[in-house]
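Asks: Can you make the complete structure from the sequences, with help from the hints?
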Amino acid sequence: MQTYRHRVADDIVEIRIPQTDQDLREFMSWAQRASLRGPIALDTETTGLDIFTDGYRLRTVQFGDRDTAWVIHWERGGRFREAALFVLRMARRFLIHNASFDWLVLDRHAGFPLEELAPKTTDTKIKSTLIDPRQPQEGGIGNGLKPLSAWYIDPTAVDTQADLTAVFRSLGMTKETGWAGIDLQHPTYNLYAGLDCIYTARLDPFLTEGLSHFGVREALVQYEHEIARMCAIMQRAGIVLDAEYIEVLRERLREEEAKYAFVAARYGVESVNSGKQVSEALLAMGEELTELTDGGALKVDKAVLLPLADLDRDWQRIGARTPNPLADAALRAKRAGSWATTYADTFLDTVDSNGRIHAGIHTLAARTGRMSITKPALQTLPSSDWMIRRAMLADEGHVMVSTDFTAVEMRVLAGLADVKRMKQAIANGDDLHDFTAGLVYGEGFTKRHRKLCKGIGFGKVYGGGLTTIQRQTGAPVDEVRSALGAYDRVYPEIKRASVRWQREARANGMVAISATGRRLPLDRDRTYAVINYRVQSTARDVLGQAMMNMEAAGLLDVLKLPIHDEVLASVPAREAADYAREFERCMTMDLFGVRIDAAAEIGGRSWGSLYGADY
DNA sequence: GTAATCACG
DNA sequence: ACGTACGTGATTACT
Numbered sequence: 023m024q025t026y027r028h029r030v031a032d033d034i035v036e037i038r039i040p041q042t043d044q045d046l047r048e049f050m051s052w053a054q055r056a057s058l059r060g061p062i063a064l065d066t067e068t069t070g071l072d073i074f075t076d077g078y079r080l081r082t083v084q085f086g087d088r089d090t091a092w093v094i095h096w097e098r099g100g101r102f103r104e105a106a107l108f109v110l111r112m113a114r115r116f117l118i119h120n121a122s123f124d125w126l127v128l129d130r131h132a133g134f135p136l137e138e139l140a141p142k143t144t145d146t147k148i149k150s151t152l153i154d155p156r157q158p159q160e161g162g163i164g165n166g167l168k169p170l171s172a173w174y175i176d177p178t179a180v181d182t183q184a185d186l187t188a189v190f191r192s193l194g195m196t197k198e199t200g201w202a203g204i205d206l207q208h209p210t211y212n213l214y215a216g217l218d219c220i221y222t223a224r225l226d227p228f229l230t231e232g233l234s235h236f237g238v239r240e241a242l243v244q245y246e247h248e249i250a251r252m253c254a255i256m257q258r259a260g261i262v263l264d265a266e267y268i269e270v271l272r273e274r275l276r277e278e279e280a281k282y283a284f285v286a287a288r289y290g291v292e293s294v295n296s297g298k299q300v301s302e303a304l305l306a307m308g309e310e311l312t313e314l315t316d317g318g319a320l321k322v323d324k325a326v327l328l329p330l331a332d333l334d335r336d337w338q339r340i341g342a343r344t345p346n347p348l349a350d351a352a353l354r355a356k357r358a359g360s361w362a363t364t365y366a367d368t369f370l371d372t373v374d375s376n377g378r379i380h381a382g383i384h385t386l387a388a389r390t391g392r393m394s395i396t397k398p399a400l401q402t403l404p405s406s407d408w409m410i411r412r413a414m415l416a417d418e419g420h421v422m423v424s425t426d427f428t429a430v431e432m433r434v435l436a437g438l439a440d441v442k443r444m445k446q447a448i449a450n451g452d453d454l455h456d457f458t459a460g461l462v463y464g465e466g467f468t469k470r471h472r473k474l475c476k477g478i479g480f481g482k483v484y485g486g487g488l489t490t491i492q493r494q495t496g497a498p499v500d501e502v503r504s505a506l507g508a509y510d511r512v513y514p515e516i517k518r519a520s521v522r523w524q525r526e527a528r529a530n531g532m533v534a535i536s537a538t539g540r541r542l543p544l545d546r547d548r549t550y551a552v553i554n555y556r557v558q559s560t561a562r563d564v565l566g567q568a569m570m571n572m573e574a575a576g577l578l579d580v581l582k583l584p585i586h587d588e589v590l591a592s593v594p595a596r597e598a599a600d601y602a603r604e605f606e607r608c609m610t611m612d613l614f615g616v617r618i619d620a621a622a623e624i625g626g627r628s629w630g631s632l633y634g635a636d637y
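Going by my numbering, the first residue of the first sequence is number 23, and it counts up by one from there.
No lab work stands behind these hints: they were computed from the structure. Idealized CB from N, CA, C, for every residue including glycine. Hints are not guaranteed to be accurate.
Unchecked claim - Here are the simulated lysine-lysine pairs, DSSO-like style, with alpha carbons at most 30 Å apart: (1) 473 x 324; (2) 445 x 517; (3) 168 x 397; (4) 469 x 397; (5) 197 x 397; (6) 321 x 476; (7) 321 x 298; (8) 168 x 197; (9) 324 x 476; (10) 517 x 476; (11) 281 x 324; (12) 473 x 445; (13) 142 x 442; (14) 476 x 442; (15) 281 x 298; (16) 324 x 397; (17) 517 x 442; (18) 473 x 321; (19) 445 x 469; (20) 324 x 298; (21) 142 x 168; (22) 473 x 442; (23) 324 x 469; (24) 321 x 281; (25) 281 x 397; (26) 517 x 473; (27) 445 x 476; (28) 442 x 469.
What the hints assert, rightly or not - Pairwise CB distance ranges (calculated): (29) 324 x 34: 37 to 43 Å; (30) 510 x 33: 56 to 62 Å; (31) 71 x 316: 31 to 37 Å; (32) 533 x 159: 16 to 22 Å; (33) 522 x 181: 40 to 46 Å; (34) 71 x 227: 27 to 33 Å; (35) 296 x 270: 25 to 31 Å; (36) 210 x 370: 31 to 37 Å; (37) 419 x 548: 48 to 54 Å; (38) 493 x 419: 45 to 51 Å; (39) 347 x 325: 53 to 59 Å; (40) 51 x 227: 23 to 29 Å.
Replies: Written out as structure tokens, the structure reads:
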């Protein structure tokens with residue numbers, strides 16, 4: 023048995039690395055005793071983060087408690103694997119920091135099903151995020167193992183990942199190649215592999231104490247584990263990529279980028295992505311630039327360039343002026359280039375050998391509890407044009423179905439703030455913005471009036487004021503001012519709720535508590551954001567509830583992505599209508615007397631078909 | 001690393 | 001006292 027010792031807090035802990043069958047028997051008997059005492063901490067070391075690419079390897083599986091960690095060399099095969107699988111099967115509870123990663127690794131590379139491990143898991147990252155969801159940059163501790171260990175356990179806790187990167191370099195490897203290349207017997211590698219497990223084991227009691235101290239309900243913790251499991255299953259399934267299509271599209275976008283970059287070069291702009299170069303060239307052409315960025319530079323973003331190119335927000339000619347050829351070229355080159363890089367390249371870089379993309383679904387990414395999707399960021403594909411979404415396909419024989427909540431944030435606001443007339447309108451089945459325009463302008467309201475009321479509604483959800491609502495809607499400032507006043511008179515409950523919520527948060531250490539018991543830390547200088555935080559986080563929980571309903575209805579296997587107020591699914595083509603009805607049913611519920619409902623759209627094979635593509 | 005930009009809900 | 005648009009992920013230029 024190879025053994026290392028290390029100091030954690032005031033204790034000496036032991037990291038044991040079995041080498042022989044006898045060592046492995048000792049490990050298994052430890053595990054049986056430990057499992058009777060409580061949960062076993064679990065972690066893995068692998069060759070990287072891209073679980074689904076070819077050649078990916080699981081290297082070690084670590085098990086531990088607060089004093090002892092065992093590093094099992096999975097890579098050595100045979101008895102090592104048997105021992106690890108024995109404990110995975112035998113133990114009743116596991117503690118994992120950021121469980122979805124290890125669930126997927128063990129599912130894919132150890133043949134240990136996510137469906138078996140997830141129900142036995144407590145995720146310490148979920149627990150810490152429910153105590154404080156903020157990133158370190160936002161004033162939180164952060165929810166990584168290292169900052170949490172340093173905060174709760176031992177200020178001198180090792181940053182094992184960063185330290186190992188240094189070890190890799192000293193061995194002539196990089197951060198990328200080191201995880202695959204380091205010798206399985208390397209002392210620091212094994213020590214740190216084990217330490218992470220011990221940190222996780224020691225973290226959990228502090229987190230349990232923290233959750234109880236803040237009164238976070240056990241039901242919320244449990245529910246977040248269910249959501250994490252569902253999303254890991256979606257990630258495992260992945261989405262089919264139309265590789266041929268995206269390769270052709272990438273070429274086309276690159277050609278377009280080159281064509282317009284060439285035009286821009288005629289005006290002295292070498293790189294269209296350089297704001298400095300573009301602004302200087304535009305000034306030299308006699309254009310006036312007035313808007314400034316936060317940093318005080320001349321602003322040359324899309325909103326500035328489109329009018330100079332005589333284009334409206336949909337890139338259609340306005341006919342108000344002679345288009346500035348540089349503004350036009352810069353817009354087109356930037357868009358083509360960034361779409362090629364951000365979408366086409368990433369799709370082709372992340373696709374697995376079965377032609378599927380397994381984007382990472384982070385179930386508690388935002389401060390409000392909202393989810394995010396990365397690598398690629400499938401929640402942010404262009405929706406004004408179908409060309410990018412066209413690359414994502416439903417499974418063989420399936421079609422895409424997308425089901426959206428209807429005006430969910432306004433409805434949530436109506437429910438949370440108990441906005442009487444809004445609730446009445448929703449109950450009557452009225453269109454909310456029509457209804458508001460009617461109240462503000464009388465029955466003879468116009469489309470413009472409705473648009474303004476819609477803009478004000480959004481402004482309220484975001485906590486916006488006169489200036490921003492004016493800027494967003496583009497309506498004359500006097501008109502916005504009077505409409506805003508009328509809006510507040512018609513729905514007085516919103517302002518009152520905001521004041522009450524800010525007061526409650528202040529009395530609670532600047533933390534608002536959502537309807538589901540979620541902790542929502544406010545920034546001291548923007549407490550008005552409490553409206554948005556409560557609305558956004560409640561809408562997230564409405565989506566979460568809908569997802570639970572979907573699993574209960576047997577729909578988990580067809581789910582593809584959660585997109586804030588929408589769920590994308592790939593369903594058998596022949597039964598699409600039945601599925602669509604089921605999705606709508608799962609997304610229909612009552613929230614404080616407000617009906618939340620949803621509308622499904624049945625598309626074709628590609629996601630783009632829901633945005634105008636013909637396939 | 002920060003600023004600016006742009007994609008989404 | 002008053003008023004404040006919210007939340008993400010990703011890329012590129014530049015210091």
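Asks: It remains to establish, for every hint, whether it holds in the given structure.
Replies: Comparing the hints with the structure gives:
For the proposed pair residue 473 and residue 324, the alpha carbon gap of about 22 Å is at most 30 Å, so the pair holds. Proposed proximity of residue 445 and residue 517 is supported: the alpha carbons are some 16 Å apart, at most 30 Å. With a C-alpha separation of about 23 Å, the suggested pair residue 168 and residue 397 falls inside the 30 Å cut-off, and the hint holds. A distance of roughly 40 Å separates the Cα atoms of residue 469 and residue 397; the hinted pair therefore is violated under the 30 Å criterion.
The suggested pairing of residue 197 with residue 397 holds, with an alpha-carbon distance near 19 Å, which does not exceed 30 Å. For the given pair, residue 321 sits about 28 Å from residue 476 by alpha-carbon distance, which is consistent with the 30 Å threshold. Restraint check: the Cα-Cα separation between residue 321 and residue 298 comes to about 9 Å, which is no more than 30 Å; the hinted pair holds. For the hint pairing residue 168 with residue 197, the CA-to-CA distance comes to about 18 Å; that is within 30 Å, so the pair holds.
The hinted pair formed by residue 324 and residue 476 meets the criterion: a straight-line CA distance of about 23 Å does not exceed 30 Å. Restraint check: the Cα-Cα separation between residue 517 and residue 476 comes to about 17 Å, which is no more than 30 Å; the hinted pair holds. Distance hint between residue 281 and residue 324 is fulfilled; the C-alpha atoms sit about 19 Å from each other, no more than 30 Å. The hinted pair formed by residue 473 and residue 445 meets the criterion: a straight-line CA distance of about 20 Å does not exceed 30 Å.
For a cut-off of 30 Å, the pair hint linking residue 142 to residue 442 is broken: about 45 Å separates their Cα positions. This hinted pair checks out: residue 476 and residue 442 have alpha carbons roughly 18 Å apart, not beyond 30 Å. Of the pairs offered as hints, the one joining residue 281 and residue 298 holds, with about 21 Å between alpha carbons and a cut-off of 30 Å not exceeded. In summary, the hint linking residue 324 to residue 397 is supported, as the alpha carbons are separated by about 25 Å, within the 30 Å threshold.
With a C-alpha separation of about 13 Å, the suggested pair residue 517 and residue 442 falls inside the 30 Å cut-off, and the hint holds. For the given pair, residue 473 sits about 27 Å from residue 321 by alpha-carbon distance, which is consistent with the 30 Å threshold. For the hint pairing residue 445 with residue 469, the CA-to-CA distance comes to about 23 Å; that is within 30 Å, so the pair holds. Between residue 324 and residue 298 the CA atoms are separated by roughly 15 Å; this keeps the pair inside 30 Å, and the hint holds.
Between the alpha carbons of residue 142 and residue 168 the distance comes to roughly 24 Å, so the proposed pair stays at or under 30 Å and holds. Using a Cα cut-off of 30 Å, the hinted pair residue 473 and residue 442 holds, with the two alpha carbons roughly 22 Å apart. The suggested pairing of residue 324 with residue 469 holds, with an alpha-carbon distance near 26 Å, which does not exceed 30 Å. A C-alpha spacing of about 24 Å is found between residue 321 and residue 281, which places the hinted pair at or below 30 Å, so the restraint holds.
At roughly 29 Å between alpha-carbon atoms, residue 281 and residue 397 fall within 30 Å of each other, so this suggested pair holds. With a CA separation close to 21 Å, the supplied pair residue 517 and residue 473 stays within the 30 Å bound. Taken as a hint, the residue 445 and residue 476 pair is honoured in the structure, with Cα atoms around 16 Å apart against an allowance of 30 Å. For the hint pairing residue 442 with residue 469, the CA-to-CA distance comes to about 24 Å; that is within 30 Å, so the pair holds.
Checking the proposed 37 to 43 Å range against residue 324 and residue 34 shows it is violated: the Cβ atoms sit about 59 Å from each other. Checking the proposed 56 to 62 Å range against residue 510 and residue 33 shows it holds: the Cβ atoms sit about 59 Å from each other. Checking the proposed 31 to 37 Å range against residue 71 and residue 316 shows it holds: the Cβ atoms sit about 33 Å from each other. For residue 533 paired with residue 159, a C-beta distance near 18 Å keeps the hint of 16 to 22 Å intact.
Between residue 522 and residue 181 the beta carbons are some 42 Å apart, a value that agrees with the proposed interval 40 to 46 Å. Between residue 71 and residue 227 the C-beta distance comes to about 29 Å, which sits within the given range of 27 to 33 Å. A beta carbon spacing of about 29 Å between residue 296 and residue 270 agrees with the range 25 to 31 Å that was offered as a hint. At roughly 36 Å, the beta carbons of residue 210 and residue 370 sit within the given window of 31 to 37 Å.
The hinted range of 48 to 54 Å is satisfied by residue 419 and residue 548, whose Cβ atoms lie roughly 50 Å apart. For residue 493 paired with residue 419, a C-beta distance near 48 Å keeps the hint of 45 to 51 Å intact. Between residue 347 and residue 325 the CB atoms are about 19 Å apart, so this pair departs from the stated range of 53 to 59 Å. For the hinted restraint 23 to 29 Å between residue 51 and residue 227, the CB-CB distance of approximately 25 Å keeps it satisfied.
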